[in-house]
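J.: Spelled out from the first residue to the last, the chains are:
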Amino acid sequence: MKDKPVFAVVFMFVLTAVCSFILIGLARLTSGHVKANEQLAFETAVIKAFPQIQGTSQEEPHTLFLRDFVKTKNDAVYLYQPQGKLSGYAIAIEGKGFWDKIRCVIGIAADQKTITGIYFYEQAETPGLGARITEPAFYEQFSGKTLADGDRPLRIRQAGSVIGQSDVAAVTGATQTCIRVETMINDALAAWKQEPVQ
Amino acid sequence: MTPQPTQKPMRQIMLDCLWYDNPIFRQILFICSTLAVTNVVANTLVMCIALSLVTALSCLTVSALRNWTPRTIRMMVQVLIIAFYVIIVDLLLRAYWPQMSRNLGPYVGLIITNCIVMGRCEAFAGSNKPWPAFVDGLFSGFGYAFVLIGISIVRELLGMGTILGFPMPYFSTHWDKWIIMVMPPSGFFILALVLWGLRSIDVKGKKPC
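Protein chains in written order, with the numbering used here: chain A, 1 to 198; chain B, 1001 to 1209.
I should point out that these hints are in silico values taken from the structure, not numbers from a laboratory.
Accuracy of the hints is not assured; some may be wrong.
Computed cross-link-like contacts, EDC-like style, restricted to lysine to aspartate or glutamate with a CA-CA straight-line distance of at most 20 angstroms [said to hold, decoys possible]:
#1 B:K1177 to A:E135
#2 A:K35 to B:D1090
#3 A:K101 to A:E182
#4 A:K101 to A:E38
#5 A:K193 to A:D151
#6 A:K96 to A:D111
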């Protein structure tokens, strides 16, 4: 019986059905967790883009996010409104890195000029090189910088160059990552500036 | 029906998997992941645990089904079973350990194409009882693990000055970090040195290769 071709077909069919059944069940069970994880990573990044919040509050990122941030018509832009007063903008940015997608959130103060902070919450750059964009030494440079006029409001400059009010220093050895990060930030900022202020 | 081979004692199975037939330095299997996941010790540890579990459970299942599986489609069945366990591991990591899931990237999924799992299923589990097959799979995973963890310790220490993310004395302060160590090519160099070193050791009964 075992050597009949039809047995092989039935055997494979049944085994595949059983495996798929279990996997679909498991995927459904965990999908809530996966979505919640992604949302929490985003919310945490939004909070981190406004370093002044962390100093004053011990609350969970999720509570803070729900209380102080308001979604706008543009999915990528959130208004930072503690006590109902507009104090800044959180812009979600997504773009191509050297290896994989990079996602970050940049915080802009209410004057629409000053960067409050930036935080990279998803990336798969080379560990020890491009991946260092997630280290404070890199992203903390952004806080307090002013956006320049023109089509490149922010520049990531090679080590050794003069760092102006609209420049940050690149990660050494991660030129490709930095070029892409600069492009994605500037594109997102340009898109945001074209939107009417709400 | 394949003839039942003479039973190997459990101790011999374990020793073979860990040393005499070690998947990395004897059989040279699954070298691709050796290059990719050994840059940081934490990633390596999780990868090794995932691989050991997948290998052990796949071998167990393949062995349990061996008397019913038609020989003509046994490879298909093996791949299906391996993929089944790998997807479970991937789902669990994504749901409960998202950070690690991001660190490992595509490599968890690539366990499916891992020659160690397939190799053990085909060479051992297909013709042995479930329990020895489980032990064989698990210890093949361990054999893979100890070599990779060794490589990753060297790479993380020289490349980043840390081990498991903890700064090490001297290496985190005075050591001039070797950037090449965190890049994939250094995996080749260290692996080559490990192969050279371990294969030169004269194991009893077997000449150095």
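J.: Run every hint past the structure and note whether it holds.
T.: Verification of the supplied hints:
| no. | hint | result |
| --- | --- | --- |
| 1 | B:K1177 to A:E135 | holds, 17 angstroms |
| 2 | A:K35 to B:D1090 | holds, 15 angstroms |
| 3 | A:K101 to A:E182 | holds, 14 angstroms |
| 4 | A:K101 to A:E38 | holds, 14 angstroms |
| 5 | A:K193 to A:D151 | holds, 10 angstroms |
| 6 | A:K96 to A:D111 | violated, 29 angstroms |
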